[in-house]
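Visitor: These protein sequence lines are chains B and E, in that order. Counted the way the numbering used here counts, the first sequence spans residues 13 to 674. Counted the way the numbering used here counts, the second sequence spans residues 1426 to 1605.
Calculated directly from the structure, the hints in this document are not laboratory data. Keep in mind that a hint or two might mislead.
With a straight-line cut-off of 20 Å between C-alpha atoms, the simulated SDA-like cross-links for lysine to any residue are [unchecked claim]:
{"id": "1", "chain 1": "B", "residue 1": "Lys349", "chain 2": "E", "residue 2": "Phe1432"}
{"id": "2", "chain 1": "E", "residue 1": "Lys1526", "chain 2": "B", "residue 2": "Phe402"}
{"id": "3", "chain 1": "E", "residue 1": "Lys1526", "chain 2": "B", "residue 2": "Val397"}
{"id": "4", "chain 1": "E", "residue 1": "Lys1526", "chain 2": "B", "residue 2": "Phe401"}
{"id": "5", "chain 1": "B", "residue 1": "Lys492", "chain 2": "B", "residue 2": "Trp506"}
{"id": "6", "chain 1": "B", "residue 1": "Lys436", "chain 2": "B", "residue 2": "Gly487"}
{"id": "7", "chain 1": "B", "residue 1": "Lys426", "chain 2": "B", "residue 2": "Arg280"}
{"id": "8", "chain 1": "B", "residue 1": "Lys349", "chain 2": "E", "residue 2": "Leu1433"}
{"id": "9", "chain 1": "B", "residue 1": "Lys431", "chain 2": "B", "residue 2": "Lys485"}
{"id": "10", "chain 1": "E", "residue 1": "Lys1526", "chain 2": "B", "residue 2": "Asp651"}
{"id": "11", "chain 1": "B", "residue 1": "Lys349", "chain 2": "E", "residue 2": "Leu1431"}
{"id": "12", "chain 1": "B", "residue 1": "Lys429", "chain 2": "B", "residue 2": "Lys349"}
{"id": "13", "chain 1": "B", "residue 1": "Lys529", "chain 2": "E", "residue 2": "Phe1432"}
{"id": "14", "chain 1": "B", "residue 1": "Lys485", "chain 2": "B", "residue 2": "Ser496"}
{"id": "15", "chain 1": "E", "residue 1": "Lys1526", "chain 2": "B", "residue 2": "Gly398"}
{"id": "16", "chain 1": "B", "residue 1": "Lys529", "chain 2": "E", "residue 2": "Pro1528"}
{"id": "17", "chain 1": "E", "residue 1": "Lys1526", "chain 2": "B", "residue 2": "Ala399"}
{"id": "18", "chain 1": "B", "residue 1": "Lys431", "chain 2": "B", "residue 2": "Ile480"}
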Amino acid sequence: MIAELGQFALILAFAVALAQSVLTFIGLRTADPAIHGFARAGSIAQFVLMLTAFACLTVLFAVSDFSVLVVAENSHTDKPFLYKLTGVWGNHEGSMLLWGLILTAYTAALALSAKPVEARLVSLTFAVQSLVTAAFTAFLLFTSNPFARLWPSPMNGQDLNPLLQDPGLASHPPMLYAGYVGFSITFSFAVAALIEGRVDARWARIVRPWALAAWSFLTVGIALGAAWAYYELGWGGWWAWDPVENASLMPWLAGTAFIHSLRVMEKRDTLKAWTILLALMTFSLSLAGTFLVRSGVLTSVHAFAVDPERGVFILGILIAVIGGSLALYGLRASHLKPTGVFSEVSRESTLLINNLFIGAACALVFFGTFYPLFITTVSDETITVGAPFFNATFNPMMGVLFILVPVSGMLAWKRGKLKPVLRKLMPALVAALAAGVLALWIADRTRIAGALGTALAMWVGIGVLIDIAQRLKLGDIPLKASLSRAMNLPLGIWGMAVAHFGLAITVFAITGVSAWKQETSAFLMPGQSLQIAGYTVELDDVRRFDGANYVAEEGRFAISRGQRDLGELVAERRFYPVRQMSTTESAIRTRGTGDLYISFGEPSRERGWPVHVYIYPFAMWLWIGSAILTLGGVLSIADRGRRSLTARKTADTTDAAREVTS
Amino acid sequence: MNRLFLFLPLALFAVMAAYFALGLRENPGEIPSQLIDRELPAFDLPPIQGHVTGLASADLAGEVSLLNVFGSWCPPCAIEHPMLMQISRSGVVPIYGIDWKDPPGAGTRWLERNGNPYVRIGNDAEGRVAIDLGITGAPETFIIDRAGRVRYRHVGVITEEVWDRTLLPLVEHLQAEDMP
Chain B
13 MIAELGQFAL
23 ILAFAVALAQ
33 SVLTFIGLRT
43 ADPAIHGFAR
53 AGSIAQFVLM
63 LTAFACLTVL
73 FAVSDFSVLV
83 VAENSHTDKP
93 FLYKLTGVWG
103 NHEGSMLLWG
113 LILTAYTAAL
123 ALSAKPVEAR
133 LVSLTFAVQS
143 LVTAAFTAFL
153 LFTSNPFARL
163 WPSPMNGQDL
173 NPLLQDPGLA
183 SHPPMLYAGY
193 VGFSITFSFA
203 VAALIEGRVD
213 ARWARIVRPW
223 ALAAWSFLTV
233 GIALGAAWAY
243 YELGWGGWWA
253 WDPVENASLM
263 PWLAGTAFIH
273 SLRVMEKRDT
283 LKAWTILLAL
293 MTFSLSLAGT
303 FLVRSGVLTS
313 VHAFAVDPER
323 GVFILGILIA
333 VIGGSLALYG
343 LRASHLKPTG
353 VFSEVSREST
363 LLINNLFIGA
373 ACALVFFGTF
383 YPLFITTVSD
393 ETITVGAPFF
403 NATFNPMMGV
413 LFILVPVSGM
423 LAWKRGKLKP
433 VLRKLMPALV
443 AALAAGVLAL
453 WIADRTRIAG
463 ALGTALAMWV
473 GIGVLIDIAQ
483 RLKLGDIPLK
493 ASLSRAMNLP
503 LGIWGMAVAH
513 FGLAITVFAI
523 TGVSAWKQET
533 SAFLMPGQSL
543 QIAGYTVELD
553 DVRRFDGANY
563 VAEEGRFAIS
573 RGQRDLGELV
583 AERRFYPVRQ
593 MSTTESAIRT
603 RGTGDLYISF
613 GEPSRERGWP
623 VHVYIYPFAM
633 WLWIGSAILT
643 LGGVLSIADR
653 GRRSLTARKT
663 ADTTDAAREV
673 TS
Chain E
1426 MNRLFLFLPL
1436 ALFAVMAAYF
1446 ALGLRENPGE
1456 IPSQLIDREL
1466 PAFDLPPIQG
1476 HVTGLASADL
1486 AGEVSLLNVF
1496 GSWCPPCAIE
1506 HPMLMQISRS
1516 GVVPIYGIDW
1526 KDPPGAGTRW
1536 LERNGNPYVR
1546 IGNDAEGRVA
1556 IDLGITGAPE
1566 TFIIDRAGRV
1576 RYRHVGVITE
1586 EVWDRTLLPL
1596 VEHLQAEDMP
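Using the sequences and the accompanying hints, generate a full structural model.
Guide: Shown next as structure tokens:
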């Protein structure tokens, strides 16, 4: 009964989305004011219907209704209740339903928040958004129905993949999807602007909060994914350049370029066609990222089960959405005329360089991810492109880009002067060089990459601090006056500074974790110990115990450094009988200077347990850095720009008048 | 701006979409192995440090066997290892190993620590043979029939389930097959 209710809600959502989209497109031709009201009401109705469907699936999982196929395949009565709920999106159908729910949630949020300006543009945006929703719900209904029944229904389910039974993973997909799908709003706005054939600073101001919100969610989502890999997969890696990881990195890169070029468009009324293209690309990459890994085109450790029929449908959606929008771009982008002029030395030109670098880096990741596929389709060979390729190409490119970060923030718009900026940044340069040399000296003389990373992080970090100090005239005027300047500084500036500072910390952490990590492994019997980086790790004892839906071995390790006792760490190895899979719960001692990371494996009778111990310097700062990065995005959302949207109305009517006459 | 230039993104996407369409035609779910039912590519690998015999493709003919690609650097291989030990102890089928991209001596030490399930091991330090075999990542296992043809490819860890449900039945079937 509940399954049928959910199914019915899903069908209705599809119908409403389709009707709303078609009617809006027709209605706009007749310029009927009722259309705008309908678009809003319809958007909220879509959301309520999707929420109903999602709630139904959640209830089915909560009560373990194994007559529903996805529940039987992904749940089990013994599973902890939390994972019964998160199991809703731990499978293909459920995760796609979540995707659809978030899509309509964004549409509804736009409906509730849109101010009565640019009514035509907003109505068109709703129409495009609904079209995407319609395509999406059709995909759910026809190829991935989460409410399909199973008969005869089994006594018990097959349990959720144990690797997914982790709090990190429970929150990772919703965040990631909130990021991916958030870019649907900016996409729809871009398509609407192309249809209208007009885009300006005001468009940029309406779109910017949405772009920043999506970007912030995506940043959190990627960071949570990395944290999940670090804590749950048991080998301490946090990024492996796996296709699915790349699929989330590409829209993040495109989105990063997009929020920067949006700023240029807002301030200088230029880079219009390029910004619109970035808006289209960002969502296209999000779509491609979500779907290609599910269609069987790309194989990956993260992929859910694949099905050829789905693949064809997915490709159809991709061609319609991406191909359709790019065709529109080809037809209409020439209408988007820039008014601002570019001089070589200005903030906007550094942001353009930023865009080119990020664009190239994104193309590189794209190429690396899909190249193996191309090779298999055109020849008999199978090849893989792995971490060495990306490390050798992506990292240097990003490194060069980071050199620009503090310079760009301090250059003036329109016409800047490079020399004074460089003079002001002198302390950052000195600090960076000193840090690099110090890193080479203290940490490891053979790892040039470590020194370069440290120097870059220092350059960006100190550069940002100098920028803020300059803006506050810190030291030049009384402290109180500086404070009041700080209060009056636009949130967008604070957002930029905070995000770039977070970036510096993240770069530093990445450097530490990858350049200076240490590892060792040995077979240990209780009482035996191993040494790493001055630490002594002694295996105290191993005992077995039963968990809710698993049996586990718990290894207790005594940690000491020299004579000092640093306490005990407990690692686990779990075996999930229903899925016949083992997972590791690593023991991690986190300090500001680095993590001590222990995991252990299947014992051998004569020699004891294989114990792997890693030292990950500054690993904690990965998470702190990405949190600060996200905070920067969130702060910028709150910046509404100097002039309010309505205040510009008069300027706009003159704009419109000019357009009519020209 | 040249108007045709604006269609460039669309043109690029069209090329991509065509590739995706082609990619879909490949059997999804399995990584296609061009080697299935074909002769194993010829190779002759030197032994790993401390061993006397290496591994040549000719060694695998005459008997149904498993060819397992591993590396001491690969965490899933360590997970798979006990299963290989169990298979080797059961004596159902001989396992041959290719030590992929290991620094000199690393594979030997790893096998000393974890036990050696392999009849013979070839040292593919540069990964040349792995490229011929189309390896996407370690571990990977091929089932080779008596005639020396590749009959099945398993990507990833051999779990007990994979062994019992897929590999073992296939091995038994091939062993029962008459010589072609």
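Visitor: Hints first: check each against the structure and report whether it holds.
Guide: Right, here's what the structure says about each hint:
1. Distance hint between Lys349 (chain B) and Phe1432 (chain E) is fulfilled; the C-alpha atoms sit about 17 Å from each other, no more than 20 Å.
2. Simply put, Lys1526 (chain E) and Phe402 (chain B) have alpha-carbon atoms about 19 Å apart, close enough for the 20 Å limit, and the pair holds.
3. About 15 Å separates the Cα atoms of Lys1526 (chain E) and Val397 (chain B), which keeps this hinted pair within 20 Å; it holds.
4. Taking the CA atoms of Lys1526 (chain E) and Phe401 (chain B), the gap is near 16 Å; set against the 20 Å cutoff, the hint holds.
5. In summary, the hint linking Lys492 (chain B) to Trp506 (chain B) is supported, as the alpha carbons are separated by about 18 Å, within the 20 Å threshold.
6. Taking the CA atoms of Lys436 (chain B) and Gly487 (chain B), the gap is near 14 Å; set against the 20 Å cutoff, the hint holds.
7. A distance of roughly 8 Å separates the Cα atoms of Lys426 (chain B) and Arg280 (chain B); the hinted pair therefore holds under the 20 Å criterion.
8. Distance hint between Lys349 (chain B) and Leu1433 (chain E) is fulfilled; the C-alpha atoms sit about 19 Å from each other, no more than 20 Å.
9. Pair hint Lys431 (chain B) plus Lys485 (chain B) holds up; C-alpha atoms about 19 Å apart against a cutoff of 20 Å.
10. Note on Lys1526 (chain E) and Asp651 (chain B): the hinted pairing is violated, with a Cα-Cα distance of about 53 Å set against a maximum of 20 Å.
11. Straight-line distance between C-alpha atoms of Lys349 (chain B) and Leu1431 (chain E) comes to about 13 Å, which keeps the hinted pair within the 20 Å bound.
12. A hinted pair counts as satisfied when its Cα atoms are at most 20 Å apart, and Lys429 (chain B) with Lys349 (chain B) does not qualify at roughly 27 Å.
13. Among the hinted pairs, Lys529 (chain B) with Phe1432 (chain E) is inconsistent with the structure: their alpha-carbon atoms are about 47 Å apart, more than 20 Å.
14. Taken as a hint, the Lys485 (chain B) and Ser496 (chain B) pair is honoured in the structure, with Cα atoms around 11 Å apart against an allowance of 20 Å.
15. Restraint check for Lys1526 (chain E) and Gly398 (chain B): the C-alpha separation of about 14 Å stays at or below 20 Å, so the hint holds.
16. For the hint linking Lys529 (chain B) to Pro1528 (chain E), the alpha-carbon distance of about 19 Å falls within 20 Å, and the restraint holds.
17. Between Lys1526 (chain E) and Ala399 (chain B), the direct Cα distance comes to roughly 15 Å. Compliance with the 20 Å bound is thereby established for this hinted pair.
18. Simply put, Lys431 (chain B) and Ile480 (chain B) have alpha-carbon atoms about 18 Å apart, close enough for the 20 Å limit, and the pair holds.
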